Amino acid sequence: MWSTFLMFAWKNMTRRIKTTGPLFLCVLVSVFAIVLVWSSYDMAKGGVELSRTRMSADVMVYPYETELDDASMLYSGIAQSVYMDADIIGRLSNGYAERVVSQFYLQTLPTAGCCTVMEEMRLVGVDWEEDLTVRSYLKGADIDTLDMQEVILGGNIDIETENTMILNMPVRVAGVLETTGTYLDDSIVLSMEQLRQLAKVNFPASYFGGRAPMDLVTCALVELKEGVDPQEYIRSVEDVQARKVLISSTADTVQDEIMVLFRLLAGTAAVILLLCVAALFSQMQALIHSRYREIGYLRSIGVCRRDVYKMFVLEIGIIVLAAGVLASAAGLTAARSVIEWIRQYMSLPLGGWSGGAILVHFGGGLLLTVSVSAVSAAVPLCRAVRMPPQEAMTRGEL
Amino acid sequence: MELIRLEGVSKTYADEAGPVLKNTDLVVEGGGYLSVEGVSGSGKSTLLYILGGLLTPTTGRVLYKGKDVYSLKDRELSLWRGRHVGYLFQDIQMAQALTVRENMVLARRFGNDKGADIEGLIQSLGLEEVADKLPGHLSGGQKRRAMTGCVLVRRPQIMLADEPTNDLDREWACRVMDLLQEQIHPERSLILVTHDPRWAASASVKYSISDGVLIHKE
Chain A
0 MWSTFLMFAW KNMTRRIKTT GPLFLCVLVS VFAIVLVWSS YDMAKGGVEL SRTRMSADVM
60 VYPYETELDD ASMLYSGIAQ SVYMDADIIG RLSNGYAERV VSQFYLQTLP TAGCCTVMEE
120 MRLVGVDWEE DLTVRSYLKG ADIDTLDMQE VILGGNIDIE TENTMILNMP VRVAGVLETT
180 GTYLDDSIVL SMEQLRQLAK VNFPASYFGG RAPMDLVTCA LVELKEGVDP QEYIRSVEDV
240 QARKVLISST ADTVQDEIMV LFRLLAGTAA VILLLCVAAL FSQMQALIHS RYREIGYLRS
300 IGVCRRDVYK MFVLEIGIIV LAAGVLASAA GLTAARSVIE WIRQYMSLPL GGWSGGAILV
360 HFGGGLLLTV SVSAVSAAVP LCRAVRMPPQ EAMTRGEL
Chain B
0 MELIRLEGVS KTYADEAGPV LKNTDLVVEG GGYLSVEGVS GSGKSTLLYI LGGLLTPTTG
60 RVLYKGKDVY SLKDRELSLW RGRHVGYLFQ DIQMAQALTV RENMVLARRF GNDKGADIEG
120 LIQSLGLEEV ADKLPGHLSG GQKRRAMTGC VLVRRPQIML ADEPTNDLDR EWACRVMDLL
180 QEQIHPERSL ILVTHDPRWA ASASVKYSIS DGVLIHKE
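Protein sequences, first through last, are from chains A and B.
Going by numbering that gives the first Met the number 0, the residue at position 344 of the first sequence is 343; the numbering climbs one at a time, nothing skipped.
Going by numbering that gives the first Met the number 0, the residue at position 200 of the second sequence is 199; the numbering climbs one at a time, nothing skipped.
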């Protein structure tokens with residue numbers, strides 16, 4: 000019997016495109032709008048949250064010469080080869096600081112002798128044992144030490160794990176980082192000492208303003224002691240000639256900006272959803288009303304009420320589920336593009352999306368589809384099916 | 000053998016002042032061929048709807064082999080309609096998204112004879128060239144013949160034909176009436192509603208209906 004119902008549903012769906020098409024479109028547009036905004040928001044919020052949770056540093060310090068704002072410095076992927084003297088670490092380590100660690104960035108150049116990595120790529124030198132940012136994103140088991148010639152790859156780096164040379168040095172891939180949506184995704188992490196040595200060998204001294212790479216750092220990250228007010232710490236290092244960024248307030252600012260933007264998007268999506276749901280109700284009503292005569296005819300040849308329900312639920316179900324699956328998948332895919340687009344205008348980290356998160360958003364889209372469609376179809380369908388066959392036939396459209 | 004019996008059946012529609020069908024008694028025997036004549040609005044179609052289990056009477060009972068069909072639950076009543084009643088409606092009624100052949104397959108699925116020869120019927124009704132077309136693409140006469148095929152494929156015990164020769168030319172009207180009459184059998188009967196005295200005259204039992212009152216003509 001189900002094969003008969005399925006055949007009937009399929010023929011109706013494909014041969015009555017003038018009534019099923021608008022229904023499909025209504026579901027598609029409304030679910031797409033909601034999944035897009037919901038996923039984009041979660042992705043952006045998740046990225047900020049993840050950065051906030053995992054980054055145990057409270058203050059970031061970097062040179063005044065850097066041409067980036069605070070949020071961009073924290074979240075963007077733009078490489079900055081601007082350096083400050085390494086002795087700044089000592090001056091930042093006062094009574095308020097639990098620990099101060101530094102990082103050293105270097106841009107590889109295709110002409111600089113990178114053998115197998117032929118594209119421009121950022122190298123990040125870290126003090127692995129003391130690291131406050133990179134280490135928490137390591138996939139799999141933690142690594143205690145990062146030996147010389149060992150590298151950790153960012154989530155977007157795709158190079159061979161064996162026989163790879165960077166700046167003429169053979170390296171071994173010790174681990175891979177999760178995707179973070181930040182500069183880390185496109186970076187290769189080495190020990191700072193190793194990277195400074197590579198810089199010295201492969202780059203002219205003029206690249207570092209005549210200074211020795213071993214005496215330079217790109218930024219410093221400060222973890223404060225428990226209960227210390229970050230503002231107080233910043234006042235205590237006022238004489239240090241570098242820009243100081245309060246990481247938590249920068250994250251708050253970014254999150255506030257995200258909220259404003261997404262409220263606007265959510266408002267737009269809500270208007271689209273309302274219009275589409277109204278259209279969906281009307282389409283569903285039209286679809287079922289146009290089939291009154293057919294329902295009457297089906298009843299007359301022996302199809303019982305329950306089976307008429309099954310036929311219509313199957314038909315409407317196929318239409319809305321097809322639209323829902325398509326809309327949810329498209330919404331999820333488009334969300335990534337929306338975030339990338341937003342990142343052109345504001346610094347935003349991307350949350351690494353797990354399979355679970357994708358399932359939740361995909362499932363949510365489908366649940367929305369089924370709920371809205373069920374609500375819109377229930378009343379007209381019940382009315383049509385409960386009608387005596389003779390009445391259904393005489394009330395239907397000719 | 001008695002197939003179906005109406006006892007004191009009346010029908011009043013919600014939007015009508017008086018009954019459309021008044022206190023009607025009728026017995027249809029197996030192998031019977033009944034004709035009902037009457038002017039438009041006299042209650043002919045209402046009588047057929049009630050006989051076919053499609054419209055609950057306001058009063059009275061419809062008994063099939065002694066059992067009141069309107070006391071059956073929806074599933075049982077539907078099963079009864081599918082197995083025992085073939086209704087050839089005055090207006091064209093078919094599944095619009097199915098081709099003629101698919102409509103017949105669907106009808107056969109709910110009928111008495113799951114192995115009924117669809118291709119033979121298509122040939123008998125001259126539908127070979129339009130069997131894979133949707134009802135919307137057929138002429139009036141072709142639709143009428145296709146509907147006839149959908150009824151015959153189910154081999155119902157009680158055939159209710161409401162103006163079955165509408166839209167048909169003389170030749171096809173004769174062939175369709177022949178096909179319907181060929182179905183009459185000791186356990187099958189035909190009830191024909193018609194304006195055409197020629198077809199009415201061919202029935203073995205003749206009725207007329209006037210202002211909702213069914214009158215036995217002989």
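Honestly, the hints are just simulated from the structure, not real lab data.
Treat each hint with caution, since some may be false.
[What the hints assert, rightly or not] Here are the simulated lysine-lysine pairs, DSS-like style, with alpha carbons at most 27 Å apart: (1) Lys132(B) - Lys17(A); (2) Lys132(B) - Lys66(B); (3) Lys224(A) - Lys199(A); (4) Lys243(A) - Lys138(A); (5) Lys21(B) - Lys309(A); (6) Lys216(B) - Lys21(B); (7) Lys10(A) - Lys142(B); (8) Lys205(B) - Lys132(B); (9) Lys17(A) - Lys142(B); (10) Lys10(A) - Lys216(B); (11) Lys113(B) - Lys142(B); (12) Lys309(A) - Lys17(A); (13) Lys309(A) - Lys205(B); (14) Lys309(A) - Lys132(B); (15) Lys205(B) - Lys64(B); (16) Lys216(B) - Lys113(B); (17) Lys113(B) - Lys10(A).
[Claimed, not checked] Examples of chain A residues toward chain B, derived with CB under 7 Å: (18) Tyr291; (19) Glu293; (20) Arg382.
Predicted model, so just to flag it, every value in this text is computed and none were measured.
The C-beta atom is built at its ideal place from N, Cα and C for all residues, glycine as well.
Hint by hint, here is what the structure shows:
1. Lys132(B) - Lys17(A): 18 Å, holds
2. Lys132(B) - Lys66(B): 40 Å, violated
3. Lys224(A) - Lys199(A): Violated, at about 35 Å.
4. Lys243(A) - Lys138(A): With a Cα-Cα distance of about 30 Å, the restraint between Lys243(A) and Lys138(A) is violated, given a limit of 27 Å.
5. Lys21(B) - Lys309(A): With a Cα-Cα distance of about 37 Å, the restraint between Lys21(B) and Lys309(A) is violated, given a limit of 27 Å.
6. Lys216(B) - Lys21(B): 17 Å, holds
7. Lys10(A) - Lys142(B): Within the cut-off at roughly 19 Å; holds.
8. Lys205(B) - Lys132(B): 38 Å, violated
9. Lys17(A) - Lys142(B): 22 Å, holds
10. Lys10(A) - Lys216(B): Violated: Lys10(A) and Lys216(B) sit about 47 Å apart, past 27 Å.
11. Lys113(B) - Lys142(B): Holds - the C-alpha atoms of Lys142(B) and Lys113(B) are around 23 Å apart, at most 27 Å.
12. Lys309(A) - Lys17(A): This hinted pair holds, its Cα atoms lying about 22 Å apart.
13. Lys309(A) - Lys205(B): Outside the cut-off at roughly 42 Å; violated.
14. Lys309(A) - Lys132(B): The hint holds at about 26 Å.
15. Lys205(B) - Lys64(B): It holds: about 22 Å lies between the C-alpha atoms, which stays within 27 Å.
16. Lys216(B) - Lys113(B): With Cα atoms ~38 Å apart, Lys216(B) and Lys113(B) exceed 27 Å; violated.
17. Lys113(B) - Lys10(A): 22 Å, holds
18. Tyr291: At 11 Å from the nearest chain B Cβ, Tyr291(A) fails the 7 Å test, so the hint is violated.
19. Glu293: 6 Å, holds
20. Arg382: It is violated, given that the least Cβ distance between Arg382(A) and chain B is near 16 Å, above 7 Å.
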